[in-house]
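Combine the two chains into a complex, taking the hints into account.
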Amino acid sequence: NAGVTQTPKFQVLKTGQSMTLQCAQDMNHEYMSWYRQDPGMGLRLIHYSVGAGITDQGEVPNGYNVSRSTTEDFPLRLLSAAPSQTSVYFCASSYSWLAGGTHPDTQYFGPGTRLTVL
Amino acid sequence: DAKTTQPTSMDCAEGRAANLPCNHSTISGNEYVYWYRQIHSQGPQYIIHGLKNNETNEMASLIITEDRKSSTLILPHATLRDTAVYYCIVRGFNAGNNRKLIWGLGTSLAVNP
Chain A
706 NAGVTQTPKF
716 QVLKTGQSMT
726 LQCAQDMNHE
736 YMSWYRQDPG
746 MGLRLIHYSV
756 GAGITDQGEV
766 PNGYNVSRST
776 TEDFPLRLLS
786 AAPSQTSVYF
796 CASSYSWLAG
806 GTHPDTQYFG
816 PGTRLTVL
Chain B
7 DAKTTQPTSM
17 DCAEGRAANL
27 PCNHSTISGN
37 EYVYWYRQIH
47 SQGPQYIIHG
57 LKNNETNEMA
67 SLIITEDRKS
77 STLILPHATL
87 RDTAVYYCIV
97 RGFNAGNNRK
107 LIWGLGTSLA
117 VNP
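These protein sequence lines are chains A and B, in that order.
The first sequence begins at 706 in our numbering and counts up one residue at a time.
The second sequence begins at 7 in our numbering and counts up one residue at a time.
The following block holds chain B by itself, in its conformation from the complex (with noise of 0.2 Å):
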């Protein structure tokens, strides 16, 4: 399964869109970006996740780049309660019966009112 970088921390004003940037260079053909957070203290929620085309949730939008060496989460209205940590995972589709998520330490999005 291809590694993730994600920055360490970010900040959003309360209505505006938070970029979640993910860099996964060595990403393979079979492999799949997936979206998660975790609020404090709590289990982590999926959010979204795509292959090579771009993708719309009621969560998120999901933007991959053609050579989908990275990704972008976009949260289009951020409220308070998106305050979280949001982690990028990339695995491959039926990658075997061990769905062993390859979990890194994530971006810590602080939005403020």
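Next up, chain A with everything else stripped away, as it sits in the complex (with noise of 0.2 Å):
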């Protein structure tokens, strides 16, 4: 299993562009989210969806979207990119609950995004 993964590992953005960051994971996990992590502050959700269809918001969700149409897979948009978005970006899945096995809230990380918008 290659986990989860993300990509890409770095980009910079002008200030307008927008941009698509890609997260997939092979885990068959019902859950997964993104989170942003700002220095001096701990991670905090954007998004999060608890199946193909399915998605809601964190608590910082403005400037972004996400879909979620395949299980596997769960893109963040960034419609109009700020320079306040510039952090440091992670995806997350974990199992549902309801599915057994691990429990729910052992969630598996990406690598991370850095991204830097100018």
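Certain hints may be false.
[Stated by the list, open to error] Partial chain A-side listing against chain B, Cβ under 8 Å, derived: (1) 721; (2) 747; (3) 748; (4) 795; (5) 811; (6) 812; (7) 814; (8) 815; (9) 816.
[Stated by the list, open to error] Beyond 10 Å from chain A on every Cβ pair, some chain B residues (computed): (10) 11; (11) 31; (12) 32; (13) 51; (14) 72; (15) 78; (16) 108; (17) 117; (18) 119.
In short, the hints are calculated from the structure, not lab data.
Cβ coordinates follow ideal geometry from the N, Cα and C atoms, glycine included.
If you want it as structure tokens, here you go:
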């Protein structure tokens, strides 16, 4: 298993540009989420999904869109990049508690995407 | 979800046990204690979790006090590769669809040769 993969690893954007951060997992996890991590702050939840076709907002959703057309993929879209979105972005996945197995909040994280917006 | 308090930083000698404390005095009966770590520039990594009983796996041991108001993560023989930020998180089981884990700033553990 590759686990959770994220692309790109690094990205530099200009203010106003749009882009999509890719996230994929091969563990058949139902739950996926996006976090951002900024210096001096803990990870903050942007958006999450409990299954294909179902997404919802976390605590800092403004400026970001998500969709979940397949179980494996959960892309994060920046609509119009702003310097405040300079951050490290992590994607995570975990089992649904309904599916049994490992405790549902054992989350598996990708390696991160380091985004700079100029 | 209960809040947690951890020391900002700790040091440990290589080969010795690293004991990382966490205070969660407002924990409620259905809330689990989770530990994750984040090695520099990498994604967080799950270590262990527990509810009431002490737990052990291949990475670490988790000791939870009887009143569940605090816990200690033990790395029995710390190596240089254990240098990381360690996060203690408390969350209820099946606390709804929003599996938001409240991440504090954790404890920065430095394992010294």
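Against the structure, the hints:
1. Hint status for residue 721/A relative to chain B: violated, with the closest Cβ pair at about 28 Å, above 8 Å.
2. Checking residue 747/A against chain B by beta carbon gives a least distance of about 3 Å; that is within 8 Å, so the hint holds.
3. Checking residue 748/A against chain B by beta carbon gives a least distance of about 4 Å; that is within 8 Å, so the hint holds.
4. Satisfaction of the interface hint for residue 795/A is found here, the shortest Cβ-Cβ separation to chain B being roughly 5 Å, below the 8 Å cut-off.
5. Given hint, residue 811/A at the interface with chain B, holds; its Cβ is 5 Å from that chain's nearest Cβ, closer than 8 Å.
6. The beta carbon of residue 812/A is positioned within 8 Å of a beta carbon in chain B (closest approach about 7 Å), and the interface hint is therefore held.
7. A least Cβ separation of about 3 Å between residue 814/A and chain B falls short of the 8 Å threshold, and the interface hint therefore holds.
8. Taken as an interface hint, residue 815/A checks out: its beta carbon lies about 5 Å from the nearest beta carbon of chain B, inside 8 Å.
9. At about 5 Å, the closest approach between the beta carbon of residue 816/A and any beta carbon in chain B falls short of 8 Å, and the interface hint on this residue holds.
10. For residue 11/B, the non-interface assignment is confirmed: its Cβ lies about 13 Å from the closest Cβ of chain A, beyond the 10 Å cut-off.
11. Residue-level check passed: residue 31/B sits 19 Å from the nearest beta carbon of chain A, beyond 10 Å.
12. Even its closest Cβ contact with chain A, about 18 Å, leaves residue 32/B beyond 10 Å, as expected for a residue assigned away from the interface.
13. Non-interface status of residue 51/B relative to chain A is broken: a Cβ of that chain comes within 10 Å, the nearest being about 7 Å off.
14. For residue 72/B, the non-interface assignment is confirmed: its Cβ lies about 22 Å from the closest Cβ of chain A, beyond the 10 Å cut-off.
15. The claim that residue 78/B lies off the interface holds: its Cβ sits roughly 20 Å from the closest Cβ of chain A, which is beyond the 10 Å cut-off.
16. Its closest Cβ contact with chain A, about 7 Å, brings residue 108/B to no more than 10 Å, contrary to its assignment away from the interface.
17. With a least CB separation of 22 Å from chain A, residue 117/B remains clear of the 10 Å interface cut-off, as annotated.
18. Consistency note on residue 119/B: stated as away from chain A, and its beta-carbon is indeed over 10 Å from all of that chain's, at 27 Å minimum.
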